[in-house]
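Visitor: Could you slot chains B and C onto chain A? The hints should help.
Residue numbers (the working numbering), protein chains in the order written: chain A, 18 to 467; chain B, 2 to 178; chain C, 14 to 336.
Bear in mind the hints are in silico, worked out from the structure with no lab data behind them.
Glycine included, every Cβ here is placed at the ideal spot set by N, Cα and C.
Please note: incorrect hints may appear among the correct ones.
[Unchecked claim] Under 8 Å between C-beta atoms, here's a sample of chain C residues computed to sit facing chain B:
1) 30
2) 34
3) 37
4) 38
5) 45
6) 46
7) 48
8) 49
9) 50
10) 51
11) 320
12) 321
Listed below are the residues making up each chain.
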Amino acid sequence: MSATNSKFLLTGLTLPDGTASDLQIANGVITAIGKTLAKNSDDQVVDLKGSVVLPGLVDLHTHLREPGKEDAETVLSGSMAAAKGGYVAISAMANTSPVADTAGVVEQVYALGQSAGFVDVFPIGAVTQGLAGEALSEIGAMADSNARVRVFSDDGNCVHDPLVMRRALEYVKKFGGVIAQHAQEPALTKGAQMNEGDISSRLGLKGWPAVAEEAIIARDVLLVDHVQSRLHICHLTTAGGVEIIRWAKARGINVTAEVTPHHLLLTDDYANSYDPIFKVNPPLRTQRDVEALREGLADGTIDIVATDHAPHPAEAKECEWQEAAFGMLGLESALSIVNQTMVQTGLLTWEGVADRMSLAPARIGGYENHGGRIEVGAPAHLTVINPTQSYRVDRDLVASRSRNTPFHGMELSGVVQATFFRGIPTYLAGQLTSIHSNGSYSKSQGGTSL
Amino acid sequence: MSLALPAPDITRALTRISHEILERNSGSESITLLGIPTRGAHLAKRIATIIEGIEIVPVQVGTLDITLHRDDLRMRPPRALMPTLIPPLGVEGRNVVLIDDVLFSGRTIRAALDALGEIGRPKSVQLAVLVDRGHRELPIRADFVGKNLPTSIDQSVLVHLTELDGADEVLIEGGVK
Amino acid sequence: MKHLLSINDLSKSEAIAILDTAQELARVSDGPMKKLPTLRGRTIVNLFAEDSTRTRISFEAAAKRLSADVINFSAKGSSISKGESLKDTAQTLQAMGADAVIIRHGASGAAQRLADSKWMSGAVINAGDGTHEHPSQALLDAFTIRKHLAKSGEDLTGIKVVIVGDVLHSRVARSNVLLLAKLGADVTLVAPPTLLPVGIESWPCKISYDFDSAIIGADAVMMLRIQQERMSEMFFPNAREYSRYFGLNSDRVKVLKPTTLVMHPGPMNRGLEITADAADGARSVIVEQVSNGVSVRMAILYMLLAGAPEGELVGITREVGAL
Chain A
18 MSATNSKFLL TGLTLPDGTA SDLQIANGVI TAIGKTLAKN SDDQVVDLKG
68 SVVLPGLVDL HTHLREPGKE DAETVLSGSM AAAKGGYVAI SAMANTSPVA
118 DTAGVVEQVY ALGQSAGFVD VFPIGAVTQG LAGEALSEIG AMADSNARVR
168 VFSDDGNCVH DPLVMRRALE YVKKFGGVIA QHAQEPALTK GAQMNEGDIS
218 SRLGLKGWPA VAEEAIIARD VLLVDHVQSR LHICHLTTAG GVEIIRWAKA
268 RGINVTAEVT PHHLLLTDDY ANSYDPIFKV NPPLRTQRDV EALREGLADG
318 TIDIVATDHA PHPAEAKECE WQEAAFGMLG LESALSIVNQ TMVQTGLLTW
368 EGVADRMSLA PARIGGYENH GGRIEVGAPA HLTVINPTQS YRVDRDLVAS
418 RSRNTPFHGM ELSGVVQATF FRGIPTYLAG QLTSIHSNGS YSKSQGGTSL
Chain B
2 MSLALPAPDI TRALTRISHE ILERNSGSES ITLLGIPTRG AHLAKRIATI
52 IEGIEIVPVQ VGTLDITLHR DDLRMRPPRA LMPTLIPPLG VEGRNVVLID
102 DVLFSGRTIR AALDALGEIG RPKSVQLAVL VDRGHRELPI RADFVGKNLP
152 TSIDQSVLVH LTELDGADEV LIEGGVK
Chain C
14 MKHLLSINDL SKSEAIAILD TAQELARVSD GPMKKLPTLR GRTIVNLFAE
64 DSTRTRISFE AAAKRLSADV INFSAKGSSI SKGESLKDTA QTLQAMGADA
114 VIIRHGASGA AQRLADSKWM SGAVINAGDG THEHPSQALL DAFTIRKHLA
164 KSGEDLTGIK VVIVGDVLHS RVARSNVLLL AKLGADVTLV APPTLLPVGI
214 ESWPCKISYD FDSAIIGADA VMMLRIQQER MSEMFFPNAR EYSRYFGLNS
264 DRVKVLKPTT LVMHPGPMNR GLEITADAAD GARSVIVEQV SNGVSVRMAI
314 LYMLLAGAPE GELVGITREV GAL
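Next comes chain A alone, as it looks inside the complex (with noise of 0.2 Å):
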């Protein structure tokens, strides 16, 4: 498949709405929609029957780890295991190695992400220097720099000192920004590494209690009230959480919120096998947790799906639990989970999926060119999937530097089929092509499996 002939026929696709159409490429844009559209004389045709197609999916919440800890990761490989997983636009969260607390930073995994070519990365500034939670960091350089930021986190850390977390929210209103706080309260969670609760009593794992996020969360809303900015909180985890931020909503509190799929799926009973690929901060929770989120992300309270995408290499997860890293990967498997905990049982429509993963995302996050809906003239961004075909995930043949994903060995549910960026399909039939490609940064993968 060439990457520089930018013409394509995508037929037998189902649309977010549920009505059957084609779809016409060309130049990076959506030039056609329709039911049995005509083939034009250079058109590539690509037979889609059986998928759906989604408006290319965001991602406000992924670890890149370049610059500093390539072995896990680089902008490119994350790129890469992005357009595999459907996305067309990720973040970089700031906790590098320097940290991005500036221009700098931010630029140079701008400008990695821009010639990777498979995704556009928007990355995430720093809100603290360091990420020490003391001293702002300059929020402004950042925000005016050729990466545009906007979103601002010190996600690893919670900014937990309530100056520090009211002084940023209401300096980021300057730059139209939004605080992205990892709600953990540091004192009551000092060691953690499980859920705390029945599990975690049994097992002798020292807890990480529900009430150290909600507590946050709780606090973050009413300053955010109070000072009247956008506070958007990562990854939610808690029943209560979820109530939280329902009742800040109901009063017009302007906060956005997240979850992961991994906690859509999984609880702490995995932490049974010791197996430190479960072990990820914030914890797997309990079946109550992953019912109240689901419940979340289908009435909207929660209003997006963000990976938390934590790539590790072998060392930091092939021994004893309390030695282990916290994370998990999560952009390959990202929309098979979803299809399978809310398309499946009923809770979304893929509507909503296109919402949560394509439009909201890219609004909260300010993502230029990103989360249109698919109407002609719009940029041909596209995630395609298969949401019948099931298949087993194999961290052997992820696409990530790393293989800490927790799902290896279980079937999912929904396969993705192709990615198109800037109308290039970076993902198709298997091959993860650059959209700068003239055979360099092509990376080939046999089959479907994922």
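Guide: Below, chains B and C without anything else, positioned relative to chain A:
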């Protein structure tokens, strides 16, 4: 299944064995009877009772479990241990009479000799069995035998004792017709 | 049973079988037969990433009495303390031909990680993993209680056991609650609320904050060690308050029945959780717990290594007539 030894014959055999033990050891003073659990232990008790009836004085009697000295432990799941109860005068310098129900390959007795060796140095070790069915795999022989029962290797010899099984009998089972 | 990682690995009958086997081994190896050939030719490795002289020597003595070869791999000065990973250590042991590894480690779940991994193939015995479990300690505690208060072959039905102290951080408490409940005992945990884990309502025992009412009618009182570090972590104000409410002192000893056992897994903080006269008094079986430990550990090694791999204990029909 055939009856090789009915109850009265068992009693007569044990009586004869008891007399033979006394004859060989010139009385009961120097002997220590050690039955190999499970059924050997009951037989030892019976022989002790018979001997005490003859000699009037009490005789040293106990049990010797050989499980921990078996050479075939790794072929089956771990076996439960049976009690080892060595009587007060011990085994040092004594004439130990090991007592078991069936003598077959000889491996049980080999294990018993090893176990005994850990405990002390008897003056002699003698062996009394109710049934000798042949097919020895080691150079072991009994000093006192209730009945010699020629069997084929694919047959089984079943010893039942009233204390455990409700009746006294020795049965032979199986084999090619 | 291939490994012993947790009391949950044992059925009730397997647990009783271990106690019965330990009983016979105690009689035999303390008496007539000091050394048994049963595990001759087998290599047992003590992998002690955490210091513990008492438990390590106990396992070593148990293994040697069964004629196994013992290799000690302990924390100080070993490659584990220099940061060699559990995986690399395990692969070294595999290369050395270890039939069994007895592992004591500071991380909860370390024994299970070793057993589940493909790094080595021997049997794994958990000698204490973080704050998770210490199965052999629970077995020797149950053995001690049974020896004094119940007959052989029986379980611990109706026996009232009170366990006192830092339950939150105690692997001994976790294993003991599981085993005592499995054997039918009536267990009460006594601790300040700060030292009881969230989720304890799901454990098979009662809880109480009041030591004095809990010990009324107790058949055994087991004191847990309270570590000095807990005081700086604000689990209780100071040592004085802790001793006052949760220490076994002479006033509390006076309330006990003459037959009540006083137990402690060791090492003791004399004067903090237990006073000298309680530790050394007539009811104390603390020293006996240590010697029972060797027989129980011999039974565990026998169960795991003597028979064919991965078998259930084969019981020979119990005799009707006692001998």
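Visitor: Taking the numbered hints from earlier one at a time, note which ones the structure violates and give those numbers from smallest to largest.
Guide: No hint contradicted; all consistent.
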